[in-house]
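Chemist: Sequence:
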Amino acid sequence: ERESWLIDFLDLPEPSRQVARMSGGQKRRVSLAIALLHEPELLLLDEPTVGVDPELRARVWDHLTTIAAQGTTVIVTTHYIDEASKADRVGMMRFGVLLAEDSPTEVMESQSASSLEEAFLALCRRDSGGASE
Numbered sequence: 001e002r003e004s005w006l007i008d009f010l011d012l013p014e015p016s017r018q019v020a021r022m023s024g025g026q027k028r029r030v031s032l033a034i035a036l037l038h039e040p041e042l043l044l045l046d047e048p049t050v051g052v053d054p055e056l057r058a059r060v061w062d063h064l065t066t067i068a069a070q071g072t073t074v075i076v077t078t079h080y081i082d083e084a085s086k087a088d089r090v091g092m093m094r095f096g097v098l099l100a101e102d103s104p105t106e107v108m109e110s111q112s113a114s115s116l117e118e119a120f121l122a123l124c125r126r127d128s129g130g131a132s133e
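Numbering-wise (the numbering used here), the sequence shown opens with residue 1 and increments by one.
Careful, some of the hints might be misleading.
Cβ-Cβ distance ranges computed for the label pairs, FRET-style [as the list claims (entries may be wrong)]: (1) Trp-5 to Asp-53: 16 to 24 Å; (2) Phe-9 to Glu-101: 28 to 36 Å; (3) Glu-3 to Gly-91: 44 to 52 Å; (4) Gly-51 to Asp-88: 39 to 47 Å; (5) Arg-59 to Met-93: 35 to 43 Å.
Since the hints were derived computationally from the structure, they do not count as laboratory data.
Note that beta-carbon positions come from the ideal geometry of N, C-alpha and C, so glycine has one too.
Please construct the entire structure, taking both the sequences and the accompanying hints into account.
Modeler: What follows is the structure in structure tokens.
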């Protein structure tokens, strides 16, 4: 039942299809399905929505929000700052250095920014000593 749900949820190809014969986007969705299959207590995802269409991206984030509310710890790396804004806490890194870690709202307030992207850019400027990028 869980397998069928994931196949439908992630628009996966037929289960008999070999992964080697799938497109890059299909392979990413299979990887996500494998991560979600056994409903782990801790879920670590690296760029889970890269290469997926906007509708599936929204569904994935809705699901991650739901399972986090149910007690799953979800840790996601992403370059999509709008995705990071959905998190309870964000850690903003640049060149392997943690620039800020707090709720998205607190990070924005600490930089007098109206968006998380603006806050990140302010943190980058501060980290660069004010040099323009």
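Chemist: Each of the hints needs a verdict: does it hold here or not?
Modeler: Hints versus structure:
no.: 1; hint: Trp-5 to Asp-53: 16 to 24 Å; verdict: holds (19 Å)
no.: 2; hint: Phe-9 to Glu-101: 28 to 36 Å; verdict: holds (31 Å)
no.: 3; hint: Glu-3 to Gly-91: 44 to 52 Å; verdict: violated (33 Å)
no.: 4; hint: Gly-51 to Asp-88: 39 to 47 Å; verdict: violated (25 Å)
no.: 5; hint: Arg-59 to Met-93: 35 to 43 Å; verdict: violated (27 Å)
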